Amino acid sequence: LAKTTQPISMDSYEGQEVNITCSHNNIATNDYITWYQQFPSQGPRFIIQGYKTKVTNEVASLFIPADRKSSTLSLPRVSLSDTAVYYCLVHSTGGGNKLTFGTGTQLKVEL
Amino acid sequence: EPEVTQTPSHQVTQMGQEVILRCVPISNHLYFYWYRQILGQKVEFLVSFYNNEISEKSEIFDDQFSVERPDGSNFTLKIRSTKLEDSAMYFCASSDGRLAVRTDTQYFGPGTRLTVL
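Respectively, the protein sequence lines represent chains A and B.
According to this note's numbering, the first sequence is numbered sequentially starting from -12.
According to this note's numbering, the second sequence is numbered sequentially starting from -7.
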């Protein structure tokens, strides 16, 4: 299973763009990268998933360079309600269906 | 938007008692999961369930735990003889199950907070 490394915490202010980078140096050829968001006392919520280059949805963008050894979740114009823990996961076929969560990045957005 | 629901939202029980946590997965999903999160710790996988049988389980999921799909909509986690260390948030999740594993997005419920006294 590919190990992921991401910052423990980040601080931002409302209206700013936030970029959270995750490294996954031993990602396998067929692995996908998935990001989840979790608010306190709630279940993880799927944000975005990608394989390479750039993926964008109504919530975020995901940038994956050609070597795929890292990925960056970009949250445009964050608000207070984006304060949460963000998890980067590499979903490997060989790992079965289970998701392996790390400690994530605690994003704190202030006024 | 379809969502996973869980009941109860909070369950308080005495040590040694049995509890059943209930989940209603998204209706057309085929894969179901239970995860738990002890306060301040990581989300941990417990078990996955597909085609009416356990597909995979972690070392946490010992004989104290069991899962069942008693009807076409519910998915339950039973914890026998609860211990203090079973206190945690328990999350149910479901996924389509028809997609390639690596793209089969799991959708989580709001969780059940289990408190064992």
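Because the hints were derived from the structure by calculation, they are not lab data.
All values derive from a computational prediction rather than experimental measurement.
Glycine residues also receive a C-beta, built at the ideal position from the N, C-alpha and C atoms.
Where hints are given, some of them may not hold.
One side of the interface only, derived from the structure: several residues of chain A facing chain B at Cβ under 10 Å [as the list claims (entries may be wrong)]: (1) -1; (2) 0; (3) 78; (4) 84; (5) 86.
Verification of the supplied hints:
Look at residue -1 of chain A: its Cβ only gets to about 23 Å from chain B, farther than 10 Å, so that hint breaks. At a threshold of 10 Å, the smallest CB-CB gap from residue 0 of chain A to chain B is about 26 Å, leaving the interface hint violated. A least Cβ separation of about 5 Å between residue 78 of chain A and chain B falls short of the 10 Å threshold, and the interface hint therefore holds. Using the Cβ-Cβ criterion of 10 Å, the hint placing residue 84 of chain A at the interface with chain B is satisfied: the shortest such distance is roughly 5 Å.
Interface restraint check: residue 86 of chain A against chain B, minimum CB-CB distance 6 Å, threshold 10 Å, status holds.
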